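Start from the sequences, fold in the hints, and give me the full structure.
Those sequence lines, one after another, are chains Z and A.
Note that the working numbering has the first sequence beginning at 1, numbered continuously upward.
Note that the working numbering has the second sequence beginning at 413, numbered continuously upward.
It is worth saying that the hints were derived from the structure and are not from the lab.
One or more hints might be untrue.
Claimed, not checked - As a list, the in silico BS3-like pairs of lysine-lysine whose alpha-carbon atoms are at most 27 Å apart:
no.	chain 1	residue 1	chain 2	residue 2
1	A	K695	Z	K24
2	Z	K124	A	K709
3	A	K466	Z	K24
4	A	K463	Z	K187
5	Z	K187	A	K466
6	Z	K205	A	K463
7	Z	K187	A	K419
8	A	K689	A	K709
9	Z	K24	A	K694
10	A	K685	Z	K187
11	A	K466	Z	K170
12	A	K711	Z	K124
13	A	K463	A	K453
14	A	K466	Z	K154
15	A	K453	A	K513
16	Z	K124	A	K463
17	A	K711	Z	K24
18	A	K463	Z	K24
19	Z	K205	A	K419
20	Z	K124	A	K466
21	Z	K24	A	K685
22	A	K466	Z	K205
23	Z	K124	A	K695
24	Z	K24	A	K709
Stated by the list, open to error - Here chain Z is said to cover these stretches of chain A; the calculated rule only asks that three of the stretch's residues, wherever they fall, bring their Cβ under 8 Å from a Cβ of chain Z:
no.	stretch
25	469-478
26	549-561
27	711-720
Keep in mind it's a predicted model, so treat the numbers as computed, not measured.
Quick reminder that beta carbons are idealized off the backbone N, C-alpha and C, glycines included.
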Amino acid sequence: MNMTTRPVYILGGYQTDFARNWTKEGKHISAMIREAVAGGLLATGVDPKEIDVGHVGNFAAELYAMQGHLGAFLVDVDPAFSGLPTGRHEAACASGSIALLAASAEIEAGRYDCALVVGVEQMKTVSPAEGGDFLGTAAWYEREAKGVEFPFPKLFGRLGDEYDRRFGLKDEHLGRISAINYDNARKNPKAQTRTWYMSDEHACKADSYNAVIGGRIKVTDCSQVTDGAVAVLLASEAFAKKWAERRGAQLGRVPRIKGWGHRTAPLTFDDKVAESKNQPYVLPHTRRAITDAYRRASLADCWGLDGIETHDCFTTSEYMAIDHFGLTAPGESWKAVEEGVIALDGKLPINPSGGLIGCGHPVGATGVRQMLDAYLQTTGQAGAYQVEGAKTFATLNIGGSGTTSCVFIVGV
Amino acid sequence: MARQIRKVVVLGANGAMGAGSGEVFAAAGIETTFLARSKDKALQGQRRAEKLAKSTALSRFIRVGSYDADLARAVAEADLVFEAVSEDLALKRVYFEQIDKHRQKDAIVATVSSGLSIAAMAATGGTSFGRHFLGIHFFNPPNVIVGCELIPHAGTDPLVVTEVDDLLRNRLGRELVRTSDTPAFCGNRVGFKVLNECAQLAETHGAAYIDALVGPHTGRAMAPLATIDFVGWDVHAAIVDNVYANTRDEAHDAFHMPDAMRAKMAAGCLGDKTPDKGGFFKKGDPRGGELPEVARKMKELHRVGRYAQAFDVFAEASGADAELMRRVILGYISYGLNRVGEVVEKVADVDRIMGFGFNWAPPGVLVDLIGARRCVALLEAARLPVPRAVVAAAERNQRLFDAAHVDIGRFFHGAQ
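Next comes the structure, spelled out in structure tokens:
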């Protein structure tokens, strides 16, 4: 809230290939953590001995992998981590961002100088139906998910319905959002769907290859079941300065967290809609998380950003993000879609990585993946999906049906 | 000025490679004509492509036709004619003659052949045909497996090579490797050497034991003999016989198909495609057998992501099991990396085609995990030729595998 907090720098990290199926590979969730951390250390050149604290974001390893206490698995990665303070954070699909918030708060407070943040989810251990039921625990399970097949597509279908009721919504705009994400994913060597076929026509067509999952949500409107782990290293100014010096870089070129927002709405979708009745934004708490972050980053509006990595668990959630970030007036997200604003070469690209629909959505890893992509973009290391000259990027990570909203503004 | 490839014709579009390749072209938004003996067969190819793409919208870019009714017109309009008929030189030549008769003078002609001589096929037509002819070797299924070999012959126009290179890399998203026009090119030459060597070893040690010993923990999704059953013994025989007849290298004997296997094949045993007779295994057979101790230890370490430690076990374990495992895997490293300079230009080429085409741990990844210095010592102890690249990596203490975006862990399978 105040301007005197210490800055938090991002040193880089590592994302596992989201196309992998770790169950088929015969791997335990600890292998995912190990690969992400080892990759992160290699990418940043940070010695394990330099890390002061570890945070793990994960949604439901107890259900998917019969394993809790994930922070402790960091200790298994390197002998130097023996004794490392660790913990695990959960806020459904926003778990990764909560881990980042905790780590950054500790650095802001001056408690530690270098934090390792890992997001991880192994989801391909069970059938899609069983996994869908597990995901239902991110809603109010007894009221919204118990006995419902694939509850979340239905909840986010209702988000689309609410837009339709208030402002009107055409499915062709949702189809375009899906096709853009798949197009971008094709440029991302870590994206789950990088070899999958997609077109506007396919995304708009409901047939045996593109079944309706619930309400207006078809397969192409959904992020897929993904296995993945991501590690990111955060550091204090003193640490980042030394780190940059030894790499022959300037501190000014190291991205930092310029602003953040974190809000929680009522858990059930009905309560959210009731609360936002007669308000301009369908999810006002998500809007507040975004404006909190703008204010903390001293940004007047979204046009100070060069790109956004948003939470498109479904096309409707990206549709919502467009007006909530302020690219259009409330209810007019379709304009940004039609005008190409959100395309990779548009005025404000959304999800150059492919987002959750294209890159993949290993639930607890997503927030950390978004942070890593913001880092890659603002350091010019995003390869074929680089937004040219990007200096400032935003992330929006959502848990539940718009329940927990976390936003970061990252920039150099 | 690169030719913009807007229209492609696929011959043999009803087969697995024809339909799969057709899917890749159509998915890139290129108008693709699927040709087969009859329009119905071409339609079957179209349905196959839709199934691969999981989309009927793909068909916006697909036309279908038969050779008799549509080849002349379709080929006359094509920028690229892609031949995917059976792996039979005489049959291919019949189609090449027709293609040469109808194609535009600057239209490119490619074959998906997995190892026949590109120069021999190019010689079917006139000089212009030869200049516009090359090999594009996709791996099955091409919509998923992005590894791809581009094989010009000595007479291919370099501009044609550049055009096709651009198409494959930038529009079709291929991990592309250029190889010389040598038997089986790179991927199949290196891969089938290992597979056939395992078939030879199975004669003495049994198929279940060999698949358990050099199974997924040594860097492959599928164990070697199960792989031969999967691709078909006839396909296996065609590839190893071609290499055996037309090359003379340090592993020549490894390409000799075991006599007993050939006799079984003559009796109709072709692997998974003849389920009643089977191959090394029959459907439903217990696979893998009891795991040798060294394999069990490696799998346990892979399970928790300790890949380097698994290869410490690989390098240091004693006993007959470990020695046999090392013989096969070190043989793969040695043979694969020794093709640099002969079949491909760089270590990265072998690594890419084995990683992205065969879905096997690239030799460079294995060298890095074993450690280049230790690898040299192990190769010498096994009396295998030590590739220059491994010596250089050992001397400079460098890693061989250079693709930072690839998770090397994905190649190694742990205990289920």
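Output the numbers, in ascending order, of every earlier hint that fails for this structure.
Those not satisfied are hints 8 and 10.
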